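A.B. asks: Next come the chains, spelled out residue by residue.
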Amino acid sequence: MSFFKKFKEKMLGSTPEAEETVSITNKFKEGLSKTRNQFTSKVNDLVAKYRKVDEDFFEELEEILLQADVGFETVTELMDSLRFEVQRKNIKNTSGIQSVISEKLVEIYNAGEDDVTELQLEESDLSVILFVGVNGVGKTTTIGKLAHRLKGEGKNVMLAAGDTFRAGAIEQLQVWGDRVGVEVIKQSEGSDPAAVMYDAVRAAKSRGVDVLICDTAGRLQNKVNLMNELEKIHRVISREIPNAPHEVLLALDATTGQNALVQAQTFKEVTNVTGIVLTKLDGTAKGGIVLAIRNKLHIPVKFVGLGEQMDDLQPFDAEKYVYGLFADGLDLEEAEEIESDK
Amino acid sequence: MAFEGLAERLQGTLQKIKGKGKISEADVKEMMREVRYALLEADVNLKVVKEFVKNVSDRAVGQDVMKSLTPGQQVVKIVKDELTELMGGEQSQISFSTRPPTVIMMVGLQGAGKTTTTGKLANVLRKKYNKKPLLVAADIYRPAAVQQLQTIGKQLSLPVFALGTDISPVEIVKQAIEQAKEEHHDVVIIDTAGRLHIDETLMQELKDIRAIKEPDEVFLVVDAMTGQDAVNVANNFNEAIGITGVVLTKLDGDTRGGAALSIRSVTQKPIKFVGMGEKMDALEPFHPERMASRILGMGDMMSLIEKAQANVDEERAKELEEKFRTQSFTFDDFLEQIGQVKQMGPLDEILKMLPGAGKIKGLENAKVDEKQMDRVEAIIYSMTTQEKTTPEILNGPRKKRIAKGSGTSIQDINRLLKQFEDMKKMMKQMTNMQQKGKKKMKMPGLDSLFK
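If you read the protein sequences in the order shown, they are chains R and G.
Each residue of the first sequence is one higher than the last, beginning at 1 in the UniProt record's numbering.
Each residue of the second sequence is one higher than the last, beginning at 1 in the UniProt record's numbering.
The following block holds chain G by itself, in its conformation from the complex:
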């Protein structure tokens, strides 16, 4: 049930206005209906959507269609720019107290990911800001919440202040701040219990904790999958205790994350971090532009490029490109490619970042089997050096030997050889294309490669 992205949605509407020089009011109106659907499917709050659509319409009407863009692309661009702008400044910093310890409070609904985020944040503070954080277990209500934070503290070798579950959170925080002063911790991160934004008693508790020492940051932790109610949650927390920033969690899922926009526009508070995985280093700065693409279903090209850059050696990449062009790509190079791809993380996640990945035939439901990659590796490892460079020499007995050595079947080997040939052809096409200018490109065999 993958939702169509805005670009795809707009395609139909756009056929009609192809070749026009200016975007008329009627065009905009029609396209804005698609924008509205796309945003609603991404869980952006209806009121926010309405306001947004109004603003964008005003901006779009009468604009000249740029030569390089189709009217549709133009609208998408305006929408995306506007979204990006709304989402606010990039990479907000954490404000630290001039008189340590800096106090950071983590608040939010149950199950948003406060405790995990507390650990991740402490990790970032230590690594990037060179701080010495103290974690405070102030969730005395949920069973084993204290143990959870203690385990995380152990994993990260960070101290956790806990007094069990019989003492009030207010008292715990009071003592924790005292201890932080004594032991010269410069940051105190308070993990509070999850609570409903409508629960007055528990909201009062947060106010009491807040009153102990004015926190430098109050982070509202919000699940990226939250629906229309995100505005109420954000509003209530903000009004009751005054948040300073937002952490959006579970963004490594496949939600569009429209809640980000809703929260941002009702509270005007910056989204400071996003949770991108279950590991303790999976907390990243927020990038408004990427978020805008994501909400619109346009893929997260930037993250993909960054991931690739982090893992691919540029020199080697050039060498490879040369090999593609001259068709001297061998199984050894192929092995290396697989290794690099593997380093980038689970393949299906990478595929999801490609814009329009849902549209490529055969890819929309591509379940990438990582084991298949292992099998491919095993086959190649079972080849002799000569076989790897000149696979043409592979005959029946040789294939039989390789099958035995790699624990696969001859059919597996034949399939791999076929795919390898297809890939070589495709690579040649692609490099030719780059030189000749842009044509529509096909990617034969890419999806079948990992099935």
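One chain only, chain R, in its complex shape:
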């Protein structure tokens, strides 16, 4: 049975438990439709164009991956391992190579690590989630969505308006707080963000909150002063609660190119990033940067933003993600298999 087929069965199973999987998978499919169409139709064209697996085929495949922002180094690695695999399995024709490609993709995503896409939160005590990232990636929006999600799980959530710099940022978080129905701890614009965090942690403790989500101002990773400020924020939080922040989530814009790697690395150095939220994945034709980040920095992607609605934040699942990328290829391959069975 082909890899895709196994995949599909897993994703679209008929057990009741699987039904939820189906709806999430569909969400991925929908959100990624643009990505998928672009990427798979290209791979399909490629397979149709070249009957044989030769250098031209590899070169063109390489270009498809480069255009998905996977990045030069990771693409080179991927191509090398693909070439090796093709040789080992003695694959001569392009039909069937799609499954090898997707296998390799999933392999990179899971690169020898356990799946830790779930948030690591305290069972019965206050947990703190700190959001960091450059300007305009969607931190505040993501916080709104995550608060909605956690509240739906029965958690008592509180937000801290740590972006005291950008005009309107506090109001923006407040609107989300009202929408979701959770309390927002804030001070006036221009106040010290570390002080806001201190207040928020205190308030969260005294009110028996389960999860405190902290917003911070967007900052470009090469601004040393701002990165120092972030370090201070981090320090203030961990001084109040020893294990906090339990999660430091880096929001990354899926349309970002190779700079995303530098972002991930620098923020990781300063705040010990525990996970990535890949935002705006519904619009971009890409998303390949996840591969590069996973490959080089081993930071897991924990959530993806697939739209502007409150429930458009989904836990990241490498297999579902790749399924989303290859859904069309799967149907195609299946059809071919049925064809050949006849």
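Because the hints were derived from the structure by calculation, they are not lab data.
Bear in mind that the values here come from a model prediction, so they are computed numbers and not experimental data.
Check the hints yourself; a few may be wrong.
[What the hints assert, rightly or not] Computed list of lysine to aspartate or glutamate pairs in EDC-like fashion (alpha-carbon distance at most 16 Å, straight line):
{"#": "1", "chain 1": "G", "residue 1": "Lys399", "chain 2": "G", "residue 2": "Glu377"}
{"#": "2", "chain 1": "G", "residue 1": "Lys213", "chain 2": "G", "residue 2": "Glu178"}
{"#": "3", "chain 1": "G", "residue 1": "Lys404", "chain 2": "G", "residue 2": "Glu377"}
{"#": "4", "chain 1": "R", "residue 1": "Lys104", "chain 2": "R", "residue 2": "Glu62"}
{"#": "5", "chain 1": "R", "residue 1": "Lys49", "chain 2": "R", "residue 2": "Glu62"}
{"#": "6", "chain 1": "G", "residue 1": "Lys47", "chain 2": "R", "residue 2": "Glu60"}
{"#": "7", "chain 1": "G", "residue 1": "Lys132", "chain 2": "G", "residue 2": "Asp186"}
{"#": "8", "chain 1": "G", "residue 1": "Lys50", "chain 2": "R", "residue 2": "Glu59"}
{"#": "9", "chain 1": "G", "residue 1": "Lys174", "chain 2": "G", "residue 2": "Glu214"}
{"#": "10", "chain 1": "R", "residue 1": "Lys151", "chain 2": "R", "residue 2": "Asp54"}
{"#": "11", "chain 1": "G", "residue 1": "Lys50", "chain 2": "R", "residue 2": "Glu63"}
{"#": "12", "chain 1": "G", "residue 1": "Lys399", "chain 2": "G", "residue 2": "Glu387"}
{"#": "13", "chain 1": "G", "residue 1": "Lys47", "chain 2": "R", "residue 2": "Glu59"}
{"#": "14", "chain 1": "R", "residue 1": "Lys232", "chain 2": "R", "residue 2": "Asp210"}
{"#": "15", "chain 1": "G", "residue 1": "Lys50", "chain 2": "R", "residue 2": "Glu60"}
{"#": "16", "chain 1": "G", "residue 1": "Lys128", "chain 2": "G", "residue 2": "Asp186"}
{"#": "17", "chain 1": "R", "residue 1": "Lys92", "chain 2": "R", "residue 2": "Asp54"}
{"#": "18", "chain 1": "G", "residue 1": "Lys418", "chain 2": "G", "residue 2": "Glu392"}
{"#": "19", "chain 1": "G", "residue 1": "Lys47", "chain 2": "R", "residue 2": "Glu62"}
{"#": "20", "chain 1": "G", "residue 1": "Lys47", "chain 2": "R", "residue 2": "Glu63"}
{"#": "21", "chain 1": "R", "residue 1": "Lys151", "chain 2": "R", "residue 2": "Asp312"}
{"#": "22", "chain 1": "G", "residue 1": "Lys80", "chain 2": "G", "residue 2": "Asp58"}
{"#": "23", "chain 1": "R", "residue 1": "Lys92", "chain 2": "R", "residue 2": "Asp56"}
{"#": "24", "chain 1": "G", "residue 1": "Lys371", "chain 2": "R", "residue 2": "Glu229"}
{"#": "25", "chain 1": "G", "residue 1": "Lys207", "chain 2": "G", "residue 2": "Glu217"}
{"#": "26", "chain 1": "G", "residue 1": "Lys428", "chain 2": "G", "residue 2": "Glu319"}
{"#": "27", "chain 1": "G", "residue 1": "Lys388", "chain 2": "G", "residue 2": "Asp332"}
{"#": "28", "chain 1": "G", "residue 1": "Lys342", "chain 2": "G", "residue 2": "Asp374"}
{"#": "29", "chain 1": "G", "residue 1": "Lys154", "chain 2": "R", "residue 2": "Glu189"}
{"#": "30", "chain 1": "R", "residue 1": "Lys223", "chain 2": "G", "residue 2": "Glu278"}
{"#": "31", "chain 1": "G", "residue 1": "Lys272", "chain 2": "G", "residue 2": "Glu217"}
{"#": "32", "chain 1": "G", "residue 1": "Lys50", "chain 2": "R", "residue 2": "Glu62"}
{"#": "33", "chain 1": "R", "residue 1": "Lys104", "chain 2": "R", "residue 2": "Glu77"}
[Claimed, not checked] Taking beta-carbon pairs under 10 Å as the criterion, some of the chain R residues facing chain G (in silico):
{"#": "34", "residue": "Gly154"}
{"#": "35", "residue": "Glu189"}
{"#": "36", "residue": "Arg219"}
{"#": "37", "residue": "Pro242"}
{"#": "38", "residue": "His246"}
{"#": "39", "residue": "Thr256"}
{"#": "40", "residue": "Gly257"}
Glycine included, C-beta positions come from ideal geometry on N, C-alpha and C.
Go by the hints and put chain G onto chain R.
C.D. replies: Frame of chain R, contents of chain G only:
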């Protein structure tokens, strides 16, 4: 994970062709592969890269290697010239309507920086063009977007037209233009909501806004960090509503900004401004040549020179040079230097502009601690006049006193003295070098100075 610049990349390839008189086809082919990598790492779109490489190859083959340049430098020069040319004319002007108000629309994806840029642009229009702009809050979708623009308006003391979030953007813009006419605002800048280029409903909304009064400028605001998708974004916006220019934001980050080239080459529309910081005056005209250097990872020497010129008094600079040469540089001069450097902005940003800064040993990861500079200042301020001019007299008790006065330790003072001596030596070397001609120069102590 700093990416290597093109010049560094080419070095390896170049060893082989040293001393050749002409650049052969094979040489070019090899070097173009490096050019291709460099451009891809800078996020230039693959298709654009391919076309570009083809053009440059055609131009480079058979060229005589100039005497003053190595073949590698020659190739870099050709590549850079070609890039600069592609990036178009310098400092495009804004076109104003002959019948005011001039209407400017800001469009783009979510989070590109439209609202901030709207404020910055209004500021430029008022300061440089003597206009009286009205800002229009037409983003009714993102929470608090209206408040954001209103806050910016307050900061700049500029009027903001807002009708809340319950009225359609089309209606808001209609009324705003009416009000602008009544109150004699000669420019109307419309801050529209961020939208995906594939969102047909919202793209239609832009078309409707556009139809109210033909805008004189439609600026596509694009994040400089955008990857390969920049071409699709630019193309879709351009095809749907017809953009007249591009504003590239967040260029004060450390991205190479290859998106600039991609957008330019697919839309043929000029990049008019670049966003260089979070302050309201951080909007600058676009310089194609600087952008080309940046994409190729060659440093932004021009901006550095301009920054230095803006802050350094030439007379004083000459005096200082004299002091360097005669070794009569004192702690007072040193203090003044620190002051000037500080005025130029955060040091790490300045360092990043130096070409090849990533290559200088010890500098690649230089995290400049501005507080360290404050400490150095404190130490010097705690010295007597005599100590500042003749630091040789500093003995144990004197150092102890200075440490106490500046809140530092004796070790700090010793370190500073050592660095000061090193610096004097280096300065002497450098000034000697200038006279004798060029040698490879080392910069001992420069990086340790601020750590």
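A.B. asks: Compare the structure with each hint and give your call.
C.D. replies: Going through the hints against the structure:
The hinted pair formed by lysine 399 of chain G and glutamate 377 of chain G meets the criterion: a straight-line CA distance of about 15 Å does not exceed 16 Å. Distance restraint check for lysine 213 of chain G and glutamate 178 of chain G: the Cα-Cα separation of roughly 11 Å lies within the 16 Å cut-off, and the hinted pair is therefore satisfied. Simply put, lysine 404 of chain G and glutamate 377 of chain G have alpha-carbon atoms about 14 Å apart, close enough for the 16 Å limit, and the pair holds. Only pairs whose Cα atoms come within 16 Å are accepted, and lysine 104 of chain R paired with glutamate 62 of chain R is accepted, the gap being roughly 14 Å.
Our distance criterion of 16 Å between C-alpha atoms is met by lysine 49 of chain R and glutamate 62 of chain R, whose separation comes to about 15 Å. For the hint linking lysine 47 of chain G to glutamate 60 of chain R, the alpha-carbon distance of about 12 Å falls within 16 Å, and the restraint holds. Distance hint between lysine 132 of chain G and aspartate 186 of chain G is fulfilled; the C-alpha atoms sit about 6 Å from each other, no more than 16 Å. A hinted pair counts as satisfied when its Cα atoms are at most 16 Å apart, and lysine 50 of chain G with glutamate 59 of chain R qualifies at roughly 13 Å.
A threshold of 16 Å between alpha carbons decides the hint, and for lysine 174 of chain G with glutamate 214 of chain G the separation of about 12 Å falls inside it, so the pair holds. In summary, the hint linking lysine 151 of chain R to aspartate 54 of chain R is not supported, as the alpha carbons are separated by about 53 Å, beyond the 16 Å threshold. Using a Cα cut-off of 16 Å, the hinted pair lysine 50 of chain G and glutamate 63 of chain R holds, with the two alpha carbons roughly 11 Å apart. A hinted pair counts as satisfied when its Cα atoms are at most 16 Å apart, and lysine 399 of chain G with glutamate 387 of chain G qualifies at roughly 10 Å.
Taking the CA atoms of lysine 47 of chain G and glutamate 59 of chain R, the gap is about 14 Å. The hint holds against a cut of 16 Å. Proximity of lysine 232 of chain R to aspartate 210 of chain R is assessed by CA-CA distance (about 23 Å); at most 16 Å being required, the pair is judged violated. Proposed proximity of lysine 50 of chain G and glutamate 60 of chain R is supported: the alpha carbons are some 13 Å apart, at most 16 Å. For the proposed pair lysine 128 of chain G and aspartate 186 of chain G, the alpha carbon gap of about 14 Å is at most 16 Å, so the pair holds.
Taken as a hint, the lysine 92 of chain R and aspartate 54 of chain R pair is honoured in the structure, with Cα atoms around 8 Å apart against an allowance of 16 Å. Annotation: proposed proximity of lysine 418 of chain G to glutamate 392 of chain G holds, straight-line Cα distance about 11 Å (limit 16 Å). At most 16 Å may separate the alpha-carbon atoms for a hinted pair to count; lysine 47 of chain G and glutamate 62 of chain R meet this at roughly 13 Å. A hinted pair counts as satisfied when its Cα atoms are at most 16 Å apart, and lysine 47 of chain G with glutamate 63 of chain R qualifies at roughly 9 Å.
For the given pair, lysine 151 of chain R sits about 15 Å from aspartate 312 of chain R by alpha-carbon distance, which is consistent with the 16 Å threshold. Proposed proximity of lysine 80 of chain G and aspartate 58 of chain G is supported: the alpha carbons are some 15 Å apart, at most 16 Å. Straight-line distance between C-alpha atoms of lysine 92 of chain R and aspartate 56 of chain R comes to about 13 Å, which keeps the hinted pair within the 16 Å bound. A threshold of 16 Å between alpha carbons decides the hint, and for lysine 371 of chain G with glutamate 229 of chain R the separation of about 13 Å falls inside it, so the pair holds.
Restraint check for lysine 207 of chain G and glutamate 217 of chain G: the C-alpha separation of about 14 Å stays at or below 16 Å, so the hint holds. This hinted pair checks out: lysine 428 of chain G and glutamate 319 of chain G have alpha carbons roughly 14 Å apart, not beyond 16 Å. Distance check on the hinted pair: lysine 388 of chain G and aspartate 332 of chain G sit about 6 Å apart at the alpha-carbon level, within 16 Å; holds. Of the supplied pair hints, the one linking lysine 342 of chain G and aspartate 374 of chain G holds, its CA atoms being roughly 10 Å apart against a limit of 16 Å.
With a C-alpha separation of about 13 Å, the suggested pair lysine 154 of chain G and glutamate 189 of chain R falls inside the 16 Å cut-off, and the hint holds. For the hint pairing lysine 223 of chain R with glutamate 278 of chain G, the CA-to-CA distance comes to about 11 Å; that is within 16 Å, so the pair holds. Pair hint lysine 272 of chain G plus glutamate 217 of chain G holds up; C-alpha atoms about 11 Å apart against a cutoff of 16 Å. A distance of roughly 14 Å separates the Cα atoms of lysine 50 of chain G and glutamate 62 of chain R; the hinted pair therefore holds under the 16 Å criterion.
A C-alpha spacing of about 11 Å is found between lysine 104 of chain R and glutamate 77 of chain R, which places the hinted pair at or below 16 Å, so the restraint holds. Because the beta carbon of glycine 154 of chain R sits about 25 Å from the nearest beta carbon in chain G, more than 10 Å, this interface hint is broken. The restraint placing glutamate 189 of chain R at the interface with chain G holds, with a minimum CB-CB distance near 7 Å, inside the 10 Å limit. A hinted interface residue such as arginine 219 of chain R counts as satisfied when its beta carbon comes closer than 10 Å to some beta carbon of chain G; here the least separation is about 9 Å, so the hint holds.
Violation of the interface hint for proline 242 of chain R is found here, the shortest Cβ-Cβ separation to chain G being roughly 27 Å, above the 10 Å cut-off. A cut of 10 Å between beta carbons decides the hint on histidine 246 of chain R: the least distance to chain G is about 26 Å, and the hint is violated. The interface hint given for threonine 256 of chain R is met, as the beta carbon of that residue sits about 5 Å from the closest beta carbon of chain G, less than 10 Å. Interface hint at glycine 257 of chain R: satisfied, since its Cβ lies 3 Å from the closest Cβ of chain G, which is below the 10 Å cut-off.
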